Amino acid sequence: MRILLDKFSKSFGSTKVIEDMELEVGSGEMLALLGPSGCGKSTTLFAVCGIHRPTSGRILFGDRDVTNLPSQERNVGVVFQSYALYPHMTVEENIGFPLMVKRVAAADIKKQVADIAALVHIADLLGRRPAQLSGGQQQRVALARALIRRPDVLLLDEPLANLDAKLRLEMRSEIRRLQKETGITAILVTHDQVEAMSMCDRIAIMKSGEIVQIATPSQMYNDPRTSFVASFLGNPPISFLKGRAEQGAFVLGENGLRLPLSALSGIPDGTSVSLGVRPEHFGTTGGIPIDGKVVFAETQGRENLYDVVLPDGSVLRSIQPVRDDVKMGDSVRWNLDSASAFVFAEDGRRL
Amino acid sequence: MAEKPQTSANFSSVPVILLLSLFSLPLLVMYAYLFIDTISDTEVGSLIPSEFTLRHWSFLWETKTGKPNIWLVTLNTFIFASCITGVILTVASMAGYVLSRLNVPARGFFLAGVMVLHAFPSVTLIIAIFIVLQWIGLYNSLIGVILVKAAIDLPLGIWLMKGFYDTVPWEIEMAGTVDGASRFTVWRRLVLPQIKPAMMALGLFSFLTGWSEFILPQVLAPGAKVQVLSVYLASLIIDDNNFDFGTFKAVGVFYVVPVLILYVFFQKHLMNIYGGGTKG
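Each protein sequence line maps, in turn, to chains A and W. Just so you know, the first sequence maps onto residues 66 to 416 in the working numbering. Just so you know, the second sequence maps onto residues 513 to 792 in the working numbering.
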């Protein structure tokens, strides 16, 4: 079911958290709300599930206006960061609780719980209590409980934050599989760009209560609208060089590096700009040679990560296939792929 | 290494135990004599009992002149303590939740009010309460004194319950409402079970204070039909005409036995009132 937030605003007392937000999530789509903590992404989520009432604006599920409906009547499924399982109930009672509240017949509940438990692969754990489950299993129970009512929308509030790294990888694909199999509309709140990029159809990146950009993960990675978006996506992160525009070229330092860039034509000379270079665009291939000194080297198994200090003191990151010939302290002359670099104005706007 | 004793102390515990025993010896002797005196007769001036007798326990099977039947009194005390427990548990579990979680008008005022009432010495109210009870016709009735005692003990109960509710994570309630449960169902089915240890503790606590309450029943319900054990016990010692120390002690032991039994079985729960918190 399509979810629409129309001119949605929320303030707590006199603190405005979100103002006039427009967001549409297509039917069957999985959308990530990505942003640093305190940007209002959880507030948005809680407004969708009815725990917070919007200060103004409308929330629509399909064509139904649910703005003033309490959570109980909204038919949403939520997976909380802490899972919020009911500790005194067994797994079966936990999953069946939403149906029990609706006064579904006990035999029906049992059957539906068995079905959904099989879907999330916890059929053999139904008799246990939450305290007897591992983090991943608790997560599956929380998912099953959220899905059993066949909700119009599934909301996931940092669902993977409490899992260890390996389990996180597993649950990432697991959640995506469930979402695809059930065809449910889902909103994922996260501050982890890897989760957002790997699990979702589209990402809405938020900063201080505003959506900065909505796009598919690859669009957003390759075509960020601001330096904030560019710095938020990508691991290892993008590095920035601060310089100025001069005759259609980016100039670093006094008589340092000159990079002719098409994006800079028409920008007055002397304008301060910054250049964003992703680590994969600085290395052994590329157009413009740059001298520097390796100050940090880290191997990640398949790839090596280097920090290179340029003569003027700014740092570029480089990620390359594993090689043994470069050590910390070595002087290197590596190439920058100027076509893939982003130019940002001083206020963060992409040029 | 295996035969090493499992002590964590880095000092010898013998002197400490010796000192403690020495200091608590008088208490121990008193407890011992409380029991010994009820089943024996002792010559005046002597410490050694001279003969065994069950005379002092005769109050159990024969009603003394001018005194109510002991079993009626015991039943009254049970009713008194149980009703107080019931009222306190019902009201405190709901009021605590409201003060902890719901956005009610004048919440701060009520919180402060509960605190002040808790600190208020209830004895100063006793004359006013006496007049009120007489006026509405509940003087010398169990209902009247139950209501008064429960009301006086409620602030502490509410405050304790509020503290326990504060430790229940909000997410559980959010999950409950999102799952479609009404606020009452959330409280009844999801939140209340989380604070079951606290309910246990508060219940016991209320029962014990009800069991040992003296001044309120003495003033508000002294009649023979509604007498409770503490009042009965006091009437024994006031009675100058047939003063019987042995019987007084025997009633005392009889009075304290239920308390001891409760302590033995439920001390774990009682300790909870000072701990708290929910663990899955």
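One should not assume that every hint holds.
The calculated lysine-lysine pairs, modelled on BS3-like cross-linking and capped at a C-alpha distance of 30 Å, are [claimed, not checked]: (1) Lys175/A <-> Lys674/W; (2) Lys81/A <-> Lys272/A; (3) Lys167/A <-> Lys708/W; (4) Lys72/A <-> Lys176/A; (5) Lys72/A <-> Lys272/A; (6) Lys737/W <-> Lys708/W.
Ranges of calculated distance between the beta carbons of each label pair, as one might list FRET restraints [said to hold, decoys possible]: (7) Ser147/A <-> Leu774/W: 32 to 40 Å; (8) Gly91/A <-> Val628/W: 52 to 60 Å; (9) Gly78/A <-> Trp682/W: 31 to 39 Å; (10) Asp189/A <-> Ala624/W: 30 to 38 Å.
Keep in mind the hints are simulated off the structure, nothing from the lab. A quick note: this is a predicted structure, and the numbers were derived from the prediction, not measured. Backbone N, C-alpha and C fix where the C-beta goes; we use that ideal spot for every residue, glycine too.
Going through the hints against the structure:
no.: 1; hint: Lys175/A <-> Lys674/W; verdict: 36 Å, violated
no.: 2; hint: Lys81/A <-> Lys272/A; verdict: 13 Å, holds
no.: 3; hint: Lys167/A <-> Lys708/W; verdict: 25 Å, holds
no.: 4; hint: Lys72/A <-> Lys176/A; verdict: 42 Å, violated
no.: 5; hint: Lys72/A <-> Lys272/A; verdict: 17 Å, holds
no.: 6; hint: Lys737/W <-> Lys708/W; verdict: 36 Å, violated
no.: 7; hint: Ser147/A <-> Leu774/W: 32 to 40 Å; verdict: 37 Å, holds
no.: 8; hint: Gly91/A <-> Val628/W: 52 to 60 Å; verdict: 57 Å, holds
no.: 9; hint: Gly78/A <-> Trp682/W: 31 to 39 Å; verdict: 19 Å, violated
no.: 10; hint: Asp189/A <-> Ala624/W: 30 to 38 Å; verdict: 52 Å, violated
Violated hints, in rising order: 1, 4, 6, 9 and 10; the structure is consistent with all others.
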